[in-house]
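A.B. asks: Chains as they are written, first to last, in our numbering: chain C, 1 to 590; chain Y, 591 to 821.
None of these hints come from the bench; they were simulated from the model.
Here are the in silico distance ranges between beta carbons for each label pair:
| id | chain 1 | residue 1 | chain 2 | residue 2 | range |
| --- | --- | --- | --- | --- | --- |
| 1 | Y | Phe786 | C | Ser115 | 49 to 59 Å |
| 2 | C | Ser93 | Y | Gly744 | 13 to 23 Å |
| 3 | C | Thr336 | Y | Gly744 | 56 to 66 Å |
Just so you know, these numbers come straight off a predicted model, no measurement behind them.
Positions of the beta carbon are idealized from the N, C-alpha and C atoms, including for glycine.
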Amino acid sequence: MQTRSFSRFLFNSFRNFSLLVTFCVIEDCYANTGLFFDIVTTEASSPLNIKLALDGRGPLSCQNYTVNGLNLTINTTIPNHTYPFAGIKIDSSDYRVAGLTPIKNGYYLFSVSDSSSANISIIPPNPPWYPSLEAFEHYNSGRSHVFPEATFGGSYTSANTVDIINSPMVYPSGYNMGYLNPDNIFIYGGGYGDVTGSVGAFVAKVDPATLGPVWYNQLINTSINGDWDYPGSMGILQDGYIYVSYGYRLAKLNKNGAVVDTLILPTGCAEPQNTSYNGFNATADGIIVMKSVYRQAGCSIQGPDALLNCPDPSDVPSSILVSVNPKTMQVIDKITLPAPVGARPTITTFNGKNYVYLLEPTSAIRYEVNAGKFILDNSWNPGTITLSGQTLCTSFVVMNDWVVAQTNTLPASTALDVIAINQGDASKQYRLQPFAGDLIPPLVALAFSTQGPGGVPAISWAPMSVSADPENNLIYASDSLPGEIAAITITSSGLEIVWKANQTTTEFTTLIGPQANRVLVGTDIPGIEIPGNNTHDYAVWRNAASGQELARSPLLPAMTQGTMIQPYYHGHMFFEGQSGTLIKLMPRPL
Amino acid sequence: MLSFIASLNPYPILAGICGEPVLQLGWFTAKQGKSQHIDIDGLIGDDFSVDKSTAQNFLIGVGYYFDWLNTPKMSMRYGINAFYFAPTKIKGDVTQEDLFSNLSYRYFRTNYPIYFAAKALIACSKCYDITIDLGIGPNIINTRHFQEKSLDGGITIPDAHVFSGKNVVAFSVTTGLGWRINNVLGNCSFEIDYRFFYLGEGELKKVNSQVRNTLHTGNSYANAVFFSISI
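Construct all of the structure, not just a fragment, from the sequences and the given hints.
C.D. replies: Right, dumping it as structure tokens:
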């Protein structure tokens, strides 16, 4: 009995000792470890691996974290110390951080402490476009015009001023820009053959400091061959190549400016010299989609003027819709559309399918794009969407389940409509005339007294598409004749005006900044000048939520009409002067 | 072949020199490492602690001694005696921002002391002597293979570029006692020695401009036991 008790005592003692040792070992291993950061996430996403550093420059004192949201509120756990150069690096290279520019080691720097949070917005991938601040003319294939990585360099609450730098040489009728990163920036232009000095498409790499060209590749000289010189566009796909559409060609350039391949596109029933593919778009799986527009046969007018001033601009064949494999630079599919289509194609993925939306003169159609093959979706038919006296719509912009467009690309005698059509059910439509009945300045009214359809007075003209901010459920519409812009929201009962402001523009608007501090940027034609014939512009920054003007540039030369103020890194933007001067705009607090 | 092997015998060569070559092989235990705070620009900094302040490894030495004084009871010699202390590991924890011991670190230290040495041989009998050694000279301290390791399962990432190895020359002294058996094999003598070494302090090279002060090895002391063969 005593032997058994002693054995039990020994066993229990050994067991307790073992547990104590085990506990001590575990306790010792993890006794003093700890996390540097507390993270609160919103806007749920799939798990994303990030690195956070107390100092991102080294980087030093780094830890791995997995987050399940794209909006991060970050604090440190170390008391009473501010980390002015904390850093975040996202392991997936297609993700970026809104409003911050990465340093060479890939970290985005920010200031944070235990009592002062850092709010970090992670930008998800934007397929098929290269993961940079701007790789496609309107940011994404849905043409939202929201550039979340761009920021406003000025103050949201106090007065600002705008510094400018002019390029030392001209980039004639600069159209759009694209970036690989802040140091590798490119401009496409030359497509306005009706502007002095524009002789065909060019692409140039721009020194972001001096704005001088690093290289300049004139792709074609239409003053020699007589081809119609009409704006195409430039975009950078995920492969890092620069794609440029001009005339009936699609060129693929490397970042050193060398043309890797050029595809001659089909011209349908028109002569090649009268054919232009006005820009391109691409599906999420990387198929380029392009559509042709035409100059009337026998007309030699150059640039966009051909669409207005040829003897009968409507005497043109139906447009051709083409899909292209960018790897092989070969056409995958080609169809002839039911009618001429002016507006550029808009692409989105809805219910797992890639759709391209197109606007015909009075209606809209969509095709499914399946591995590059076009399949007409007859189930989506919004019917006639323009009213009598209205002219055709500009491109659709995707906003969540809706595609949104505004009428009156050409001067119109009926007020502009903003039209939202549900992607799931085309019969579900909302429309609103935000500027109906608004006063048109007398000089403008006089200038457009015979510009409406059939020579009647025009009361509306909107050569730009809307911009749309899906995260804030806001649409931004403009009309050049009353000289107004408006923010509009979609409610369950229809479209409602949130704010309106006097601003006369013939260009697209740009949305920059994080969701909570979105800023609307656009041009404003001085009051005494006539839209379309203006020689000057201002650049104006507004609080996108309220319409309050935040900053205004000095008087600038007129911008290339129908383009957009280009967002850039560091809170700066580029203004493409029609005469070719590239201007860097740098708003800052006074 | 035999003549070739015979030609490798160093004795005929060394015998022509009026001194005594010495080869040494043994074991040492060293006290080393230094807990210290590293200041880092923008951060509070890191505390580097030392887990284990002693480490052991082998040493080898080579010397050459000249006769200086000879009396019936004692003789004195002087010469040069250099050692190679095989690398020893210094390791510890890194307490980041004075709060979290998320990392451990380690690096290796190797010593190459070269002494101007003096040796006293006190005759106990015809066959045995007691030896007393003194030496003073530079010690070339080599540090290398600095590495950090996560202690929290990989959450904390070791700082990739903070310190790297460096060669430093420090002041060093040595003193010791030995027991010498004379003429064990012909003219060869055999000696068992205890030796104390002060090896001085080395440092690592900081390779990050944000790191304000570098990591020091601390003053190192070694106790060694080795065998010597005098030819």
